[in-house]
Amino acid sequence: MTQQPADQAPPDMAALLAQRGVVVTDEDRARARRRLNEARERRDPELRAQLRAQLGMRPTSAA
Numbered sequence: 261m262t263q264q265p266a267d268q269a270p271p272d273m274a275a276l277l278a279q280r281g282v283v284v285t286d287e288d289r290a291r292a293r294r295r296l297n298e299a300r301e302r303r304d305p306e307l308r309a310q311l312r313a314q315l316g317m318r319p320t321s322a323a
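Quick note on the working numbering: the sequence shown kicks off at 261 and runs consecutively.
Hints were generated in silico from the structure; no laboratory data involved. C-beta atoms are modelled at their ideal positions from N, C-alpha and C, and glycine is treated no differently. Certain hints may be false.
[Claimed, not checked] Just the calculated beta-carbon pair ranges, DEER-fashion: (1) ALA290 - MET317: 29 to 39 Å; (2) GLN279 - ARG318: 20 to 30 Å; (3) SER321 - LEU296: 20 to 30 Å; (4) ARG312 - ASP286: 36 to 46 Å; (5) PRO319 - GLU287: 19 to 29 Å.
The whole structure should be built from the sequences, with the hints applied where relevant.
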């Protein structure tokens, strides 16, 4: 199974959602992309490593 780029949904996702009665507009997609980008900007790898150490968790690999 190949992974989709972070900014793209699988091609059949719109059809899958439509079958379930969920309508996703271009505005909805743009808002979701903005929120994902904002979350990425807030990420701080050093803080995450510090918190993991504080909680006694193993460090994550640098991916």
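Cross-check of the supplied hints:
1. ALA290 - MET317: 29 to 39 Å: holds (35 Å)
2. GLN279 - ARG318: 20 to 30 Å: Distance hint for GLN279, ARG318 is violated at roughly 41 Å.
3. SER321 - LEU296: 20 to 30 Å: Check passed, 22 Å falls within 20 to 30 Å.
4. ARG312 - ASP286: 36 to 46 Å: holds (38 Å)
5. PRO319 - GLU287: 19 to 29 Å: violated (39 Å)
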